Amino acid sequence: MGDILSLAGQTLVSPIILSFALGLFASISRSELSIPEAVAKAMSIYLLFAIGFKGGVSLNESGMSTSLVLSLVAGLILSAALPFIAFVLLQVMTNLDRTNAAAVAAHYGSISIVTFVTAISVLDQQSITSEGFMVAVAAVMEAPAILSALYLVFKGSGETKMDATLWREILLNGSIVLLVGAFFIGMITGTEGLTQIDSFIIAPFNGVLCLFLLDMGLVAGRGLRQARKIMGFSLVLFSFIMPLIGAALGCGVGLAIGLSSGGIALLMTLCASASYIAVPAAMRVALPEANPSIYLTCSLGFTFPFNLTIGIPVYVAVATALA
Amino acid sequence: MGDILSLAGQTLVSPIILSFALGLFASISRSELSIPEAVAKAMSIYLLFAIGFKGGVSLNESGMSTSLVLSLVAGLILSAALPFIAFVLLQVMTNLDRTNAAAVAAHYGSISIVTFVTAISVLDQQSITSEGFMVAVAAVMEAPAILSALYLVFKGSGETKMDATLWREILLNGSIVLLVGAFFIGMITGTEGLTQIDSFIIAPFNGVLCLFLLDMGLVAGRGLRQARKIMGFSLVLFSFIMPLIGAALGCGVGLAIGLSSGGIALLMTLCASASYIAVPAAMRVALPEANPSIYLTCSLGFTFPFNLTIGIPVYVAVATALA
Amino acid sequence: MGDILSLAGQTLVSPIILSFALGLFASISRSELSIPEAVAKAMSIYLLFAIGFKGGVSLNESGMSTSLVLSLVAGLILSAALPFIAFVLLQVMTNLDRTNAAAVAAHYGSISIVTFVTAISVLDQQSITSEGFMVAVAAVMEAPAILSALYLVFKGSGETKMDATLWREILLNGSIVLLVGAFFIGMITGTEGLTQIDSFIIAPFNGVLCLFLLDMGLVAGRGLRQARKIMGFSLVLFSFIMPLIGAALGCGVGLAIGLSSGGIALLMTLCASASYIAVPAAMRVALPEANPSIYLTCSLGFTFPFNLTIGIPVYVAVATALA
Amino acid sequence: MKTHPAKRIEIIIEAPMERRFRTALENADITGYTIMPVRGGSGRSGDWTREGQVSKAGGMIAVVCIIKEDRLNDLLEKVFPLVERHIGVVSITDCEVLRAERF
Amino acid sequence: MKTHPAKRIEIIIEAPMERRFRTALENADITGYTIMPVRGGSGRSGDWTREGQVSKAGGMIAVVCIIKEDRLNDLLEKVFPLVERHIGVVSITDCEVLRAERF
Amino acid sequence: MKTHPAKRIEIIIEAPMERRFRTALENADITGYTIMPVRGGSGRSGDWTREGQVSKAGGMIAVVCIIKEDRLNDLLEKVFPLVERHIGVVSITDCEVLRAERF
Ligand SMILES: Nc1ncnc2c1ncn2[C@@H]1O[C@H](COP(=O)(O)O)[C@@H](O)[C@H]1O
Ligand SMILES: Nc1ncnc2c1ncn2[C@@H]1O[C@H](COP(=O)(O)O)[C@@H](O)[C@H]1O
Ligand SMILES: Nc1ncnc2c1ncn2[C@@H]1O[C@H](COP(=O)(O)O)[C@@H](O)[C@H]1O
Ligand code: NA
Ligand code: NA
Ligand code: NA
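Residue numbers (this note's numbering), protein chains in the order written: chain A, 1 to 323; chain B, 1001 to 1323; chain C, 2001 to 2323; chain D, 3001 to 3103; chain E, 4001 to 4103; chain F, 5001 to 5103.
Treat the hints with caution; some may be incorrect.
Which residues of chain F face chain C? A partial, calculated answer using Cβ under 10 Å [said to hold, decoys possible]:
| no. | residue |
| --- | --- |
| 1 | 5016 |
| 2 | 5027 |
| 3 | 5029 |
| 4 | 5031 |
| 5 | 5049 |
| 6 | 5053 |
| 7 | 5055 |
| 8 | 5056 |
| 9 | 5057 |
| 10 | 5058 |
| 11 | 5064 |
| 12 | 5067 |
| 13 | 5068 |
| 14 | 5071 |
| 15 | 5080 |
| 16 | 5085 |
Which bits of chain C does chain A cover? Going by a derived footprint, with three or more residues having C-beta under 8 Å, they are [to be verified]:
| no. | segment |
| --- | --- |
| 17 | 2034-2045 |
| 18 | 2206-2214 |
Listed below are the simulated EDC-like cross-link pairs for lysine to aspartate or glutamate, each with C-alpha atoms no more than 20 Å apart in a straight line [as the list claims (entries may be wrong)]:
| no. | chain 1 | residue 1 | chain 2 | residue 2 |
| --- | --- | --- | --- | --- |
| 19 | A | 229 | E | 4029 |
| 20 | F | 5068 | E | 4010 |
| 21 | A | 229 | D | 3047 |
Treat the hints as calculated values from the structure; they're not laboratory data. What you are looking at is a predicted structure, and each value in this text was computed from that prediction instead of being measured. A virtual CB, placed ideally from N, CA and C, is assigned to each residue, including glycine.
Please model the entire structure based on the sequences and the hints provided.
Below you can see the structure in the form of structure tokens.
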């Protein structure tokens, strides 16, 4: 416990987390500080490319393994299953209608890549290694949750609402394509490729992450300012409990398939994190009746900061204690 | 004198200044070269974050001191006082009306962060150290000048025009929040934090500054092209004299409170420089009757290039000669 | 031949080319992946500035030479002459009308700076040196082709359509000004200037090039998706043959003026490459009747990928074999 | 100068719907339209701004389409079903255009 | 398809005024509006463009607001004082909207 | 509140023409106009979007100009020649403005 606290403390005073806090402070105090949309997108593209590439290179080094296949399958199943748990929990805890509950549930099955990246950077700080293919696991966990959520809404109604365009939008979503693409590039070009571009994708990585989290703080704070009108206490509670349930499940599965302690911490983080890029966009198209303020506030306003500050240190500590 | 000239020469042939000159040339010759707004903002955010962070780290190393407190107070007073000097000078030298004179005066009390950053980079080049907390001094000097200018316009009229929104906009202005926030992050995380992100905030710093100054040159040149219509000779003269007055004052105060030679050079630069980001935006809101072309041309079209090319080398030379 | 193939293979599996392929794949499969306009422009500005600066520094080191003057003159003549060859070829091979043929021809006389940059990076990889002033040659080759194309359209008609604005737009085109400006800054500040900013313009260069080529792949793929409607087989064929003709000419001229093998490879690349930034913009103004889809698809959709994947390795192999 | 009556339709709709919307316009044989960016706004679902957003979810676009009067109804009927479930705002203004043959 | 008459108001105003303007609209009970970016322009105070600008000072925004006719006067009266000292341009156009209940 | 009739002209034209277009407006003594960015569109020459584009060639801008009715013809006659060879779309709407003295 003391370990967890000291680890949490250490994580909390890193430039990365403090940058997020600065963003949160700035927007809650209504400062006009803002980062242009194009720049936020650029940083997100950079982070996806770098993390994907590095994952690919490390898989190239370690070689394929059954563990990789097991992890991918586990990721797929976890992402598809978590929305059902979230949905039941929401129906028990809150008074959201079916559509809104399913929309929120979709976010919790899917993942937040920035949370994942922050966890990697915390592991790095503590020299804990992890499986390079976890990036690929992250990629496969993006989409299945969306399908589960749509199933939850439309089952029984006969409607399917899944046209080819929607399938393509979900599966060829920009961040999946970039992450998987960079992963393959890293895998194909290996360390030789890495030496060509490492001073671009490794050296400035943490700094870019700081500015990106500053921006996330600004956006999350803006959401929180509006939240008072729509978020009940039970929904806030859900945003803190659901990640813990996800992490527990991820931990069990990680142990079962024999991941390293770093790998388990990352799988816990993936399960605990909630999407705020790919899934919201898909929901606007497939479930326009769901209120975006609700699912964005849960995922970005509460769960994201929770994972960043308390979650990740806990997951890392638990994973190292157990594995 | 020879020293000053050789220093000025050295400064003038650096990539930083030549990039500014290139921008100036491009826009005066009406080339279509331009840098997107979002990118200019991104560079400005980067520079503020990096400079704030580094300042905080260096304060963390050196520890608090009375000198810090003295400098902050001195900065506040200088920023509040300079607009009165500028205002009187404008009323004597030019035929600007009260409102426009106050608006211009506000700019000269406040500071230009890029001029400050350039001065730091010139000091670095010559291995002259300076107090890390000067960044905090820069931050406190942004806002008071605005209040002085509004006082100049509204005194006697009974109107105040200072609603809560305006206060917040001035004090929680984006660049102040970012600069001060990064300063605190640097102060809290110290050298340990710095090692995590130094290849982002230190290594590429000068290069980003080059491109940012290229952009400043483009924007300043555009202003100059329009200036012929509105700028009389006396206003141009003011734009060259006022920085020297500010610098002289800054020098005296710097000596009085016992700053190092690097610190004095920076305080001179702060006093000499004129705002072109925060103050213009505040003037558009609080003094919409003032003509933006006038104050922007003075500050960005004349004073900024003057400081960059002649001012800074002179201030550095004077400071090293005196301290 | 085996050498060429192995070199081609080596080039093809570099992160740079694979990033382009990823972009192409993403847009052909209609993924929503996209890079904001402002970010694409920022990367292009960065690349132009870096490549120009480095060229200038290397000229500063090697000193002026008759070879420089010869190369500049050769570049001017090649750029002006190539459109005539392209025009005749287009009239023989395709059924484009005079205006469209001239517009396409203009693109092939001018150059693609990214193709050039990629060639430099391939040379670097293989430690083949080249003349630093080739950047200046690239700059002088941008514009003459436009004049040749306008001559082709308007000769005999008496009209000239060349007003002062158009001249300025062509000669003070943003990318020319930036490239030449950075070249001069590099030349003036030399290695001393370079050490100030090398961790900005050298270290991350290849990485930025990757992301920029990702973007080029996205844009090229979008063009190809639309191409089916307008591109006949003969036009596609032209897009593959014309670069080879250009390269052959460039090779002969390079040998004649005694360039190094690296220099010849670069001159071949310049001649082989087709503009997709400066010339299209000029055509929209000067020849609005020409169909942009035609010239953009030829240059960006076919010739650019051709040079990137097959062309450059061949040009490098031929140049090293001959010189 | 001779002008011709036409209709200017302005539709503000969620950014993630862009591709579907374009397809719907194509299916209604409307090949002339322009898409403009939107920075922020306010509606029944609250305030928003694009600043710092990465996801398309939090944004809108404005589609401007100028058509001949007699095609208006066709457009509305073909495009409305798409807008219906979504939070789009549709406004139609009378206008005059040059070069009627374009529309 | 059934349409309903309404007014489209377009206000071009300085970017630093955005927050105040939003508040003024809220105070006039106007919660539906859209803000669009502006790239540049020209007026009595000269030419300008956003390119390369860092400060908000050098920019404008366009606010588009569609309302029922009977609320027009109310809006103008509540919002005009804010615009008066500033350099905003206000134009009002007749339009037709779908789904009148929204406005 | 008192309003005055005016005309709102919206011209969508290729981005590389911006400078020439501004000059043409100046020559027609039109010093009040606003330029708005365009993200993409579709026309006889196909679909396009600005995303990821570096060259100005692949883009359009929208120029909005509000003028008194009696100056409309003058503007159209002076500006049309420029648009003619290009792919611009011109639409004119009746509108009401506050502060007529501005226009
Ligand atoms: N009356 C209106 N006038 C202009 N834009 C509107 C109006 N109502 C809604 N909008 C736009 O449509 C978006 C969604 O509206 P809503 O569905 O009411 O939340 C808002 O954020 C605005 O950008
Ligand atoms: N007649 C007009 N039509 C459209 N926009 C205008 C007009 N007059 C002014 N503007 C816009 O309002 C800004 C400020 O105008 P001004 O106060 O006249 O300098 C200009 O830069 C334009 O963006
Ligand atoms: N009917 C229309 N309504 C609105 N915008 C149009 C229309 N027709 C063309 N445009 C715009 O003008 C551009 C060029 O049109 P075009 O010359 O037909 O290819 C298109 O890409 C659109 O952005
Ligand atoms: Na999850
Ligand atoms: Na000052
Ligand atoms: Na060429």
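A quick look at each hint next to the structure:
no.: 1; hint: 5016; verdict: 4 Å, holds
no.: 2; hint: 5027; verdict: 13 Å, violated
no.: 3; hint: 5029; verdict: 19 Å, violated
no.: 4; hint: 5031; verdict: 19 Å, violated
no.: 5; hint: 5049; verdict: 7 Å, holds
no.: 6; hint: 5053; verdict: 6 Å, holds
no.: 7; hint: 5055; verdict: 4 Å, holds
no.: 8; hint: 5056; verdict: 5 Å, holds
no.: 9; hint: 5057; verdict: 3 Å, holds
no.: 10; hint: 5058; verdict: 7 Å, holds
no.: 11; hint: 5064; verdict: 21 Å, violated
no.: 12; hint: 5067; verdict: 25 Å, violated
no.: 13; hint: 5068; verdict: 29 Å, violated
no.: 14; hint: 5071; verdict: 25 Å, violated
no.: 15; hint: 5080; verdict: 14 Å, violated
no.: 16; hint: 5085; verdict: 5 Å, holds
no.: 17; hint: 2034-2045; verdict: holds (count 7)
no.: 18; hint: 2206-2214; verdict: holds (count 6)
no.: 19; hint: A/229 x E/4029; verdict: 17 Å, holds
no.: 20; hint: F/5068 x E/4010; verdict: 16 Å, holds
no.: 21; hint: A/229 x D/3047; verdict: 12 Å, holds
Hint violations for this structure: numbers 2, 3, 4, 11, 12, 13, 14, 15, all remaining hints satisfied.
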